[in-house]
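**Student:** Now for the letters of each chain:
2 protein chains.
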Amino acid sequence: MGVVIPLEEITPENRIEALSALVTEDMDRVNQTILSRAASHVTMIPDIANHLISSGGKRLRPMLTLATAGLCAYRGGGHIKLAAAVEFMHTATLLHDDVVDESDMRRGKLAARMLWGNEASVLVGDFLLGQAFKMMVEVGSLSCLDVLSSAAVVIAEGEVLQLSAANDMQTSEDDYLAVIRAKTAALFGAACEVGPILGQRPKAEIAACRGYGVNLGIAFQLIDDALDYGGTSAKLGKNIGDDFREGKITLPVVLSFRRGSEKEREFWRRTLERGEMADGDLEAAIATMHAHRALEDTVERARHYGAMARDALELFPASEWKAALIDVVDFCIDRVH
Amino acid sequence: MGVVIPLEEITPENRIEALSALVTEDMDRVNQTILSRAASHVTMIPDIANHLISSGGKRLRPMLTLATAGLCAYRGGGHIKLAAAVEFMHTATLLHDDVVDESDMRRGKLAARMLWGNEASVLVGDFLLGQAFKMMVEVGSLSCLDVLSSAAVVIAEGEVLQLSAANDMQTSEDDYLAVIRAKTAALFGAACEVGPILGQRPKAEIAACRGYGVNLGIAFQLIDDALDYGGTSAKLGKNIGDDFREGKITLPVVLSFRRGSEKEREFWRRTLERGEMADGDLEAAIATMHAHRALEDTVERARHYGAMARDALELFPASEWKAALIDVVDFCIDRVH
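So the protein lines, in turn, are chains A and B.
Using the numbering used here, the letters of the first sequence correspond one by one to residues 1 to 337.
Using the numbering used here, the letters of the second sequence correspond one by one to residues 338 to 674.
Just so you know, these hints were derived from the structure itself, not from any lab.
Virtual Cβ for every residue (Gly too), placed ideally from N, Cα, C.
Be aware that a few hints might be false.
[As the list claims (entries may be wrong)] Taking beta-carbon pairs under 7 Å as the criterion, some of the chain A residues facing chain B (in silico):
#, residue
1, SER40
2, MET44
3, ASP47
4, VAL99
5, ASP126
6, PHE127
7, GLY130
8, GLN131
9, PHE133
10, LYS134
11, VAL137
12, VAL139
13, GLY140
14, GLU159
15, LEU163
16, VAL336
[What the hints assert, rightly or not] Some chain A residues judged to face chain B by a derived CB distance under 8 Å, without partners named:
#, residue
17, GLU119
18, ALA120
19, VAL122
20, LEU142
21, SER149
22, ALA152
23, VAL153
24, ALA156
25, GLU157
26, VAL160
27, LEU161
28, SER164
Put together the whole structure using the sequences plus the hints.
**Tutor:** Below you can see the structure in the form of structure tokens.
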């Protein structure tokens, strides 16, 4: 165990390599479980599930479950099924999100709903959610079931909240934080909390892991929001502007709107509230964001939550698990450069 | 307790009255639980949930959970939350079904998706499903969690199966039975199985209650299918023809297609496979069904499953609970007249 990476070669990619290396064997078992539990005699189910599951997501959430179980010296096998359950909950959310957002693409591939229809995306999401609960029940920890079923409720609540606030330029930074705490951070928190619960650790350690996960989740989402406008670099990459085209009010928008002139506010109202978009609007949006340091400050906010995530782990003694989990915070934030 | 109904006044409605009377107090607690658990600070959630919950469904499934708990002399309080969870699972399925089927109406009111949009229907369904699991976890019986989470998986699988078989006139009676076993009967079975599990009854009694529920569920669905074409009476009532307009292949269609002439088969292919409908087609469909006794025989099939449901309860000694549960079988079937 233990991965040595020369300092000069540290990039966002290998910041997560220490964690990947630590969980390699467990992750193989998680991937096996994911494949076998997405199976069904109704062939449309594995077709759709595997389309998304094999589309190269980072599997960050299940890795966090494995890593916090490792951090807490858990020796059983329950973390494998719980990690798979966490990934299924995430996949189900993506399937339903694509239907709700009417997205055409997901992870650089056509969204499942474009290939199999909205109907199938809704129902296969329900199937995966059911399988997630079934796996949790098999593990048999009522505390873990409580944490994960509560997260399922909070996630759905957050999604509805986001829908109610959609296209509303009145959204404040606090409103927006409430949305991402629910729709993104709750699952990160739950994924990290079940590890120490399985390991029967004291309450303070369970709370610490949850705090790590929740704050990491917020940081992760804020960086995603910044990346959707090209991050802090001036160059534009691929997959830019999805949030803008879908009229999503994310933190870079909230900050730009508040800091902008009346003319700029009218620009945001026209494009995001009324959905009247023209060629060049995305570029104009990005330029306005840079003018108001909205992307830089979104990343600053992410750093704040990243620092909280890091500090949450302070009560654990030094270990390769702890070091790897702290690297993940840097990984999430450094993606933006 | 005990309700005396003069023989001459027995109608489908009062066949369920004995059960309603037996569970009145418990059902009040279930309704309280349903209302409090559909609450959320995100107001769109109770708005949508209550639109459907208060729309006058019979609450047959939660009544079955209460009644089988009563049959098995369960004395705790867990059946209340499980009954509410069963109703939430059912409501979540209805919300997602309406999106999948693109239905405009539900229980004589505009479908939630018509008032709040598909997005909200998907997400509020997810919320209710999450709340259902949370309530099950609070009850704390891993066996009940196993039964209900397995049902959730089977229901979703059945819905996808139905989607794959949609508009396919090759659907056989066995294919169709597999669909309704999964999408309808599994929840009836689970609703009836958790009662004796809570009551810590022997395996044979648990299996008997499940068998009662599954067979009752099949009978219930077959009668629904016949009712959608006006049942066995010649008069046409309201809410007729939804299945036909949505191109659903139900048992009356399967029987009519198999028994029909080549010309009649072409009629079914045109209307249900290719979706080319014209004025008078629904009336022609019903006439063809009557000509081939397809509706009468669908009801006969339902009677067969109803008899199995009744026999499943034979091993229980006589009680007002048992009598009420047997009345429910007659209630489900007699709706057709």
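**Student:** Given A/ASP126 as an interface hint, is the shortest Cβ-Cβ distance to chain B below 7 Å?
**Tutor:** 4 Å, holds
**Student:** Does A/LEU161 hold up as a contact with chain B if the rule is Cβ-Cβ below 8 Å?
**Tutor:** At about 5 Å, which falls below the 8 Å cut-off, the nearest Cβ of chain B leaves the hint on A/LEU161 intact, so it holds.
**Student:** With a cut-off of 7 Å on the beta carbons, see whether A/VAL137 makes it to chain B.
**Tutor:** Where the cut-off is 7 Å and the nearest Cβ of chain B is about 5 Å from A/VAL137, the hint holds.
**Student:** How about A/ALA152: closest beta carbon in chain B under 8 Å, or not?
**Tutor:** 4 Å, holds
**Student:** Can A/VAL153 be said to touch chain B, with a Cβ gap under 8 Å?
**Tutor:** 4 Å, holds
**Student:** Was the hint right that A/PHE133 lines chain B, CB cutoff 7 Å?
**Tutor:** It holds, given that the least Cβ distance between A/PHE133 and chain B is near 4 Å, below 7 Å.
**Student:** Would you settle whether the hint for A/SER149 is holds or violated, based on the nearest Cβ-Cβ distance to chain B being less than 8 Å?
**Tutor:** 4 Å, holds
**Student:** Given A/GLU159 as an interface hint, is its Cβ closer than 7 Å to any Cβ of chain B?
**Tutor:** 5 Å, holds
**Student:** Quick one, is the A/LEU142 hint okay against chain B at 8 Å, beta carbons?
**Tutor:** 6 Å, holds
**Student:** Would the hint on A/GLY130 be counted as holding, given a Cβ-Cβ threshold of 7 Å to chain B?
**Tutor:** Result: holds, 4 Å to nearest chain B Cβ.
**Student:** Verify the interface restraint on A/VAL139: the C-beta must sit less than 7 Å from at least one C-beta of chain B.
**Tutor:** Cβ of A/VAL139 sits 10 Å from chain B, so the hint is violated.
**Student:** With 7 Å as the cut and Cβ atoms as the points, is A/GLY140 at the interface with chain B?
**Tutor:** Nearest chain B Cβ about 6 Å off; hint holds.
Of the hints listed earlier, those the structure fails to meet are numbers 3, 12 and 16, in rising order.
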